[in-house]
Amino acid sequence: MPLPAAAAERIVNALPCSSDVLSMMLVSKSFAASTCIHLWKHLSIRDRKGLNALSECLKNNAIHTFPYPSYVKELSVYEFRPVMGDCHPTDLEISIKLIQSVVPCFANLSSLHLFFGFPDATIGRQPHPPFPYDVLPSCIPALRSLQIWNSYRPSPHLEAFAAACTQLVRFDVAFVHIDACVLTLLMRTAPNLTHLHLNAVTGISNVELVAALAQSPHRLAELSYRGAQPLDTPQIHRICSSQAMLRYLGIVGDALTPAALAALATLPRLARLELEWTPHAPADAAVPVRAPRVAGRGHVPPHREHGGPDARCGAGCCPCGERQNGGAGQL
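Under the working numbering, think of the first position of the sequence shown as 64, with each following residue one higher.
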């Protein structure tokens, strides 16, 4: 018998914000059947114990512990566990076999988040082969959102993914080497793409970014970009002209000028602006390179540790779900 709505609401408000597999399995069928459908929307797999528990649950059709797999719309898989700003390795290894073994159980899955381990979190492990992103569109036909933290591993299949995933609405990558042709294909083949987040990326220049955005004017609602160099004033002008419907914009603010601010002021729907500044040490001070923080994003490991260039870096959504604003300004 379902719980009364008022009682269920009080229990939901007292629950911790967790979508881990083991936490979700504590929810009984009667509780989930009341007013708590949203508890099942996002599923996180953070270790092999959780993966095994989920596999056994789904294999045995245990509706009392996992009654509504059709409600799951977002799936996150972690190779590292963020703890107090550090990244600790888990015993999980993301592979296409793992994804293919889980996603058929969730008929309405439309969002996938893959958090590959950082180099400092995978010391001693064998290097992974490139993840076959080109398989995802056929593996998850309704895929609308893809988020990747990729630790600058080679991603040769992203171009094929961009050509095949025509229903994509959100593309969010961090610590990824991405070629300009991938972005060009996304803007051309995914007409519903409205959320584009490119943070701590290499392989694409500011000029190539501006050119790709100009191909599909006035489409994006969200854009964040932290590349090798901050955008200059003419480039900001061109982005504001080609994407006038932006509601959120996140960029590096080191090169921001009054003229660039005036261009940003012309965006009629802009409701949130995040500017990241890179900490600069005095020239005569011998201090270690510190990682910048990104407004509303969380801790970002030092760029040097990723094997990337000595450039400014930022990150997409922090996988631990925390939002911190140190080291950056938010207007």
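No lab work stands behind these hints: they were computed from the structure. In this text, all values refer to a predicted model and were calculated from it rather than measured experimentally. A couple of the hints might just be wrong.
Only pairs whose alpha carbons sit at most 20 Å apart, straight line, appear in this in silico EDC-like list of lysine to aspartate or glutamate [unchecked claim]:
#1 Lys104 x Glu156
#2 Lys160 x Asp242
#3 Lys160 x Glu119
#4 Lys112 x Glu156
#5 Lys136 x Asp242
Ranges between beta-carbon positions, derived for each pair [unchecked claim]:
#6 Lys112 x Cys202: 19 to 29 Å
#7 Arg111 x Arg332: 38 to 48 Å
#8 Gln278 x Val198: 25 to 35 Å
#9 Gln278 x Cys168: 30 to 40 Å
#10 Gln278 x Arg111: 18 to 28 Å
Glycine included, each C-beta is placed from N, C-alpha and C at the ideal position.
To test your reading of the hints: which numbers does this structure violate? 1, 2, 5 and 10
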